[in-house]
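*Asks:* Model the full structure from these sequences, guided by the hints.
Protein chains: 2
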Amino acid sequence: MLENVNSPKDIKSFSVEELNILSQEIREAILNRVSQIGGHVGPNLGAVELITALHYVFDSPIDKIVFDVSHQCYAHKILTGRKNGFLNQEAFASISGYTAPFESEHDHFMVGHTSTSLSLASGLAKARDLKKESHNVIALIGDGSLGGGEALEGLNFIGELSSNLIVVVNDNEMSIAPNHGGLYKNLKELRETNGQAQNNIFKAMGLDYVYIENGHDIKTLIETFKSVKDSSKPIVIHIHTNKGQGYQFSESEKEKWHYNMPFDVQTGLSTVSFNQENYNQITLDYLRQKIKTDDKVVVVNAGTPGAIGFTPEIREEFKEKFIDVGIMEEHAVAMSSALAKGGCKPIFWVLSSFVQRTNDQLSHDLALNKNPAVILVSWTGIGSNDATHLGIFDIPMISNIPNLLCLAPASKEEYLNVLDWSINQTEVPVVIRVPSIVMSDYSLQLPKNPKKPTFHVTEKGDKVALIGLGASYWLAKEVSDLLKNNKITPTLINPLYYSDLDTEALASLKENHQLVITIEDGLISGGFGQKIASFLSRQGVKVLNYGAQKEFTDRANVKELYEKYHLTPEQIVEDILFAIQ
Amino acid sequence: MLENVNSPKDIKSFSVEELNILSQEIREAILNRVSQIGGHVGPNLGAVELITALHYVFDSPIDKIVFDVSHQCYAHKILTGRKNGFLNQEAFASISGYTAPFESEHDHFMVGHTSTSLSLASGLAKARDLKKESHNVIALIGDGSLGGGEALEGLNFIGELSSNLIVVVNDNEMSIAPNHGGLYKNLKELRETNGQAQNNIFKAMGLDYVYIENGHDIKTLIETFKSVKDSSKPIVIHIHTNKGQGYQFSESEKEKWHYNMPFDVQTGLSTVSFNQENYNQITLDYLRQKIKTDDKVVVVNAGTPGAIGFTPEIREEFKEKFIDVGIMEEHAVAMSSALAKGGCKPIFWVLSSFVQRTNDQLSHDLALNKNPAVILVSWTGIGSNDATHLGIFDIPMISNIPNLLCLAPASKEEYLNVLDWSINQTEVPVVIRVPSIVMSDYSLQLPKNPKKPTFHVTEKGDKVALIGLGASYWLAKEVSDLLKNNKITPTLINPLYYSDLDTEALASLKENHQLVITIEDGLISGGFGQKIASFLSRQGVKVLNYGAQKEFTDRANVKELYEKYHLTPEQIVEDILFAIQ
Chain A
40 MLENVNSPKD IKSFSVEELN ILSQEIREAI LNRVSQIGGH VGPNLGAVEL ITALHYVFDS
100 PIDKIVFDVS HQCYAHKILT GRKNGFLNQE AFASISGYTA PFESEHDHFM VGHTSTSLSL
160 ASGLAKARDL KKESHNVIAL IGDGSLGGGE ALEGLNFIGE LSSNLIVVVN DNEMSIAPNH
220 GGLYKNLKEL RETNGQAQNN IFKAMGLDYV YIENGHDIKT LIETFKSVKD SSKPIVIHIH
280 TNKGQGYQFS ESEKEKWHYN MPFDVQTGLS TVSFNQENYN QITLDYLRQK IKTDDKVVVV
340 NAGTPGAIGF TPEIREEFKE KFIDVGIMEE HAVAMSSALA KGGCKPIFWV LSSFVQRTND
400 QLSHDLALNK NPAVILVSWT GIGSNDATHL GIFDIPMISN IPNLLCLAPA SKEEYLNVLD
460 WSINQTEVPV VIRVPSIVMS DYSLQLPKNP KKPTFHVTEK GDKVALIGLG ASYWLAKEVS
520 DLLKNNKITP TLINPLYYSD LDTEALASLK ENHQLVITIE DGLISGGFGQ KIASFLSRQG
580 VKVLNYGAQK EFTDRANVKE LYEKYHLTPE QIVEDILFAI Q
Chain B
40 MLENVNSPKD IKSFSVEELN ILSQEIREAI LNRVSQIGGH VGPNLGAVEL ITALHYVFDS
100 PIDKIVFDVS HQCYAHKILT GRKNGFLNQE AFASISGYTA PFESEHDHFM VGHTSTSLSL
160 ASGLAKARDL KKESHNVIAL IGDGSLGGGE ALEGLNFIGE LSSNLIVVVN DNEMSIAPNH
220 GGLYKNLKEL RETNGQAQNN IFKAMGLDYV YIENGHDIKT LIETFKSVKD SSKPIVIHIH
280 TNKGQGYQFS ESEKEKWHYN MPFDVQTGLS TVSFNQENYN QITLDYLRQK IKTDDKVVVV
340 NAGTPGAIGF TPEIREEFKE KFIDVGIMEE HAVAMSSALA KGGCKPIFWV LSSFVQRTND
400 QLSHDLALNK NPAVILVSWT GIGSNDATHL GIFDIPMISN IPNLLCLAPA SKEEYLNVLD
460 WSINQTEVPV VIRVPSIVMS DYSLQLPKNP KKPTFHVTEK GDKVALIGLG ASYWLAKEVS
520 DLLKNNKITP TLINPLYYSD LDTEALASLK ENHQLVITIE DGLISGGFGQ KIASFLSRQG
580 VKVLNYGAQK EFTDRANVKE LYEKYHLTPE QIVEDILFAI Q
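Just so you know, the protein sequences line up as chains A and B, in that order.
Residues 40 to 620 (the working numbering) make up the first sequence, in order.
Residues 40 to 620 (the working numbering) make up the second sequence, in order.
Not one of these hints is a red herring.
No copy is singled out in the list; a pair is fine if it fits within one copy or between any two copies.
Pairs of lysine-lysine residues, derived as BS3-like cross-links and limited to a Cα-Cα distance of at most 30 Å, are as follows:
(1) K360 to K268
(2) K487 to K335
(3) K331 to K272
(4) K272 to K224
No lab work stands behind these hints, which were simulated from the structure alone.
Please read all numbers here as calculations on a predicted model, not as lab measurements.
*Replies:* Spelled out as structure tokens, the structure:
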């Protein structure tokens with residue numbers, strides 16, 4: 040069937056039986072791609088019939104389907120002219136794992152963080168109404184995404200809309216990991232009563248409501264969608280689906296199969312292996328010991344336990360010392376601040392690309408109140424990733440908030456020292472930027488008074504000073520070694536602190552340095568190096584800042600990106616030699 | 040009664056009748072303060088009995104009362120040893136308008152943005168449970184604050200708590216202005232059914248629920264609080280109150296009396312007047328015309344219409360062209376992005392201190408998608424304000440996000456040109472920073488291609504270049520004039536753009552300038568001037584950055600603040616003369 044499908048129009052004449060066969064072929068196409076290059080397995084397999092039925096009933100792109108997080112958009116991509124990106128290995132790279140308007144007129148937004156679809160869809164609906172148009176707007180949101188503040192705000196807003204907006208809740212009974220929160224008790228109640236439970240969060244928010252128990256029954260899906268098409272008021276269609284449907288391994292181990300690296304389709308076994316030491320494991324090993332000796336330590340996470348190594352087994356081990364709040368980053372920061380206020384030692388462990396949800400909470404709930412919570416920012420740095428998952432924006436966002444002590448350790452040993460000190464102290468909120476690469480160097484120690492920003496001069500030299508923050512310290516060290524071949528012995532500095540400058544150390548550079556180089560594993564704009572440029576420019580010392588340019592890159596080739604940013608040791612050395620001529 | 044009350048303990052033996060008299064005295068004390076120095080009138084008058092009853096039943100500070108936004112904390116302050124701040128004019132300044140732990144052990148958090156109390160209270164409750172303590176934790180939240188994403192996340196989390204947390208919902212039927220969203224239809228339904236309505240947002244979220252119809256009936260309040268004290272699970276007490284209760288003017292005009300400048304208690308008339316031209320009025324005058332000629336223009340606001348001059352009358356005039364989404368800034372940004380995607384011309388008008396809720400939405404929902412919405416950031420700049428309402432953090436937060444064209448006009452005429460161009464263009468998302476002072480200068484025009492950052496050199500000179508962003512342009516001009524007295528004719532620049540540099544203009548300064556001064560009406564750290572320092576330092580040009588230091592100031596004396604930041608024209612001139620010696 041799929042062979043003849045190049046746009047949603049091509050399925051309009053299909054019978055239910057044919058749509059079922061098509062769904063099976065879509066599933067195979069999805070597995071073909073994800074088994075070779077990795078991707079979101081469970082969410083996509085679970086939404087195939089639902090999306091096929093949507094495209095059968097509605098007329099995309101006139102009717103607009105807005106995906107939440109778009110972990111579940113593969114079937115949509117396959118049906119809207121992009122099946123090659125799933126069938127042919129050569130075309131895989133041409134299609135992103137998320138909705139992308141630059142790929143197709145059927146995609147309306149680039150998304151990759153959860154909980155945005157309801158607000159985005161409501162804006163399209165409002166625009167339609169203001170322009171007196173009449174198409175359908177459909178938001179497709181997973182149960183996991185519903186708990187996020189932005190989604191709940193959107194739901195609240197939609198509850199007062201008086202025009203068409205169809206909210207399809209794809210309820211597969213879990214987020215990436217199990218769901219958390221009162222809302223999910225209600226969804227369970229609704230599932231168990233075939234949608235008849237007296238308590239109904241959607242009705243309470245003012246929306247009409249329909250329940251579909253079998254989200255893989257295309258006939259029912261089509262009938263229901265037809266019945267709400269062109270509805271003149273907002274309605275929720277709550278659809279119960281099976282995450283990972285149609286593939287034995289993803290059906291039985293749902294959390295593991297949310298996202299997978301390449302695997303063998305027959306055996307389900309991974310075809311790649313990672314034996315490298317990594318900071319998740321290093322941190323887990325530390326925390327596992329720490330909770331045994333310190334009752335007050337508690338780890339907080341917002342819906343991404345797998346991404347930080349908290350498997351179901353480890354969660355079991357941590358018991359009440361691990362709080363997964365679900366996809367609610369704002370709540371996680373505010374609650375962590377209060378946990379610290381209440382005498383506990385919370386560590387909110389979050390990925391760089393998700394911490395940007397919490398600017399106001401870091402500022403007011405935490406920093407203004409100076410509560411000694413620890414924020415652990417993982418998955419940092421310039422690397423290959425989707426535009427929505429870049430790890431380069433956290434330094435500007437966090438380090439310009441007052442009262443936060445921000446630390447970017449460079450080595451494993453320094454990291455563990457920093458982590459231990461941060462948890463044990465009870466005076467200031469601390470942000471730790473987990474480095475992107477594991478390097479070992481016992482000489483990188485905490486200063487005597489860790490609250491006072493003190494840069495660590497690891498090699499004394501003159502003429503040129505190299506300041507490499509966190510993971511970038513090792514790049515600075517490579518530059519240092521290359522410079523020595525050019526008969527320059529530079530000063531090498533591991534600053535560790537990126538919220539504040541060690542102005543003494545910097546001022547003293549003036550004496551016998553004519554050039555200072557800063558390197559950071561993130562955005563230059565608004566970041567660490569620019570603070571140094573601002574300080575040293577006053578002193579008349581020339582500064583060159585290195586890091587990422589202010590742009591969204593999408594699945595960039597890392598090597599090319601580094602070259603573009605002039606971030607290879609050779610390029611930096613060349614710049615230095617030119618600058619000190 | 041109040042004379043003998045210095046701590047909550049002192050009211051424990053009072054009869055209901057005495058508590059009623061006390062409430063009346065508290066009301067008078069509140070009016071005494073707000074009529075003389077301004078403050079939140081309606082929210083505080085409406086919560087007097089409720090707070091008095093809380094302190095009668097619970098044992099603060101062992102039992103912990105967490106206030107939301109703390110617009111309603113005055114009675115609490117009066118009962119917890121701070122009545123002097125309300126009774127004696129000399130002591131007014133010693134007490135802030137918000138909860139503040141540095142004032143009293145009865146205050147647990149500094150707050151000033153809405154919707155944080157549920158998360159904060161849940162953190163205290165969790166800490167209590169982990170430490171195996173047993174006090175009560177009470178969150179006091181207004182109905183208006185409930186719609187914010189952080190509050191809804193908190194509510195969701197609390198729905199799964201299995202220990203004591205008492206959520207007191209102070210429902211005065213409005214936010215600052217009328218409420219918006221489906222949630223509020225439900226609260227209305229609950230009020231109209233004495234809490235018996237079948238749809239119940241709180242029960243749907245998994246919480247127990249009690250309703251009190253008369254939130255000024257101390258006897259009922261006390262009985263109900265006693266019945267839930269030491270509850271072993273979370274419960275909502277939904278209390279219907281009258282905003283502005285007990286003062287004729289605030290009872291009859293609730294929105295106007297949410298916050299008031301000084302007034303005459305007898306007549307309710309303002310005792311101060313503001314006849315100065317202001318940007319609210321300038322913008323309103325423009326928009327009023329604009330919506331007549333352009334169907335697609337729509338103004339979006341998040342629960343603060345009064346703060347931008349959208350009185351009930353003006354809202355009536357704008358009809359569907361004004362969308363107040365309630366206190367849901369995240370939703371406002373995402374919806375605006377989608378409105379632009381849908382072909383409308385949305386202007387999200389927001390205050391600097393509240394826009395910091397939307398970092399992720401500005402980045403992903405808006406900037407990554409390049410939808411041509413306009414974000415209008417008001418109440419900017421270095422000035423006297425509470426620590427939670429500072430207007431200095433928006434430049435670092437916004438200008439380091441890719442794809443946003445950020446403009447800081449300096450004069451009224453430039454502002455109107457910028458605003459008109461931004462709304463009419465359909466290519467890029469634009470952020471306009473509304474200046475803090477109204478100045479007129481017709482010579483400040485938009486460059487020919489407004490999408491290309493082009494700095495405007497308004498006075499050509501040499502040796503020293505002064506770059507003053509937005510409102511700071513006028514300070515730079517003052518410096519320029521003073522320098523001329525010192526026989527230096529500086530170059531004066533109005534950069535307008537703060538997202539990107541005009542590198543050509545900057546590079547050309549190298550020729551005949553040895554010093555560049557940047558001034559911005561906001562944080563130096565991560566801001567505009569540091570980008571210039573970074574660029575020019577490479578070229579070997581000395582740069583001095585001026586602006587606010589990275590700190591939370593609380594109700595600072597503006598003159599002292601400027602002096603501390605070396606921001607008087609005389610100080611800057613002194614620095615310049617020293618630097619170019």
